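> Let's have the full structure, built from the sequences with the hints guiding it.
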Amino acid sequence: MIKQFATLILVLASVAGANFSRAAEPTPPVTKTAIFAGGCFWCMQPPYDNTKGVVKTVVGYTGGTKDDANYEKVSAHRTQHREAIAVTYDPAQIAYDQLLDIFWRQINPTQADGQFHDIGLSYQAAIYYDTDEEKKAAEASKDKLGKSGKFTKPIVTEILPATQFYPAEEYHQKYYLKNSADFEAYHVGSGRVSFLEKIWGAESKK
Numbered sequence: 004m005i006k007q008f009a010t011l012i013l014v015l016a017s018v019a020g021a022n023f024s025r026a027a028e029p030t031p032p033v034t035k036t037a038i039f040a041g042g043c044f045w046c047m048q049p050p051y052d053n054t055k056g057v058v059k060t061v062v063g064y065t066g067g068t069k070d071d072a073n074y075e076k077v078s079a080h081r082t083q084h085r086e087a088i089a090v091t092y093d094p095a096q097i098a099y100d101q102l103l104d105i106f107w108r109q110i111n112p113t114q115a116d117g118q119f120h121d122i123g124l125s126y127q128a129a130i131y132y133d134t135d136e137e138k139k140a141a142e143a144s145k146d147k148l149g150k151s152g153k154f155t156k157p158i159v160t161e162i163l164p165a166t167q168f169y170p171a172e173e174y175h176q177k178y179y180l181k182n183s184a185d186f187e188a189y190h191v192g193s194g195r196v197s198f199l200e201k202i203w204g205a206e207s208k209k
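Going by my numbering, the first residue of the sequence shown is number 4, and it counts up by one from there.
Note that these hints are calculated values from the structure, not bench results. There are no misleading hints in this set.
The calculated lysine-lysine pairs, modelled on DSS-like cross-linking and capped at a C-alpha distance of 27 Å, are: (1) Lys177 x Lys35; (2) Lys76 x Lys177; (3) Lys59 x Lys76; (4) Lys35 x Lys138; (5) Lys139 x Lys59; (6) Lys201 x Lys177; (7) Lys177 x Lys59; (8) Lys181 x Lys76.
Since this is a predicted model, take the numbers as computed values, not measurements.
Right under this line is the structure:
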């Protein structure tokens, strides 16, 4: 009888411990995902990766007319996709409006044919909205930028409904970390760095 009682105590303690363990596990944040096209997707990943509240980023392709996308097809402009970045974030730590502010500081919003030295549809900038709330926020942000006096030419960046997002090949993910020297040479050589520093100064680093 004593042995059975001891066994029961051990079982109950084990169950209680398991319940305590589950209760102690932190609740994962409720996240959202924003999608932006800002020219070469290599250059769009560092600013978001270094932002508090961003959970993860994935570069890829979106906005096309075909049911699949890869770098070879997209760079040849055969699918109508654009290079883009999917930014998964915790809205309790960072607002969508703040992600928009970061986006504008990475691109030339007055350029319609691509971004910097990269020309073609796959490099054209766009904001992809998933809800009416995001659409209104993007439109308000674009209007605010147009009235800011930062640019003398019209803001032509498109605001479009979100479509299927296809993650890019693994070697493109975090390219700035995997091939830092090559990335930096491209980043500077594309004309992006000098343009952003001229327009935004120190803010271009945020």
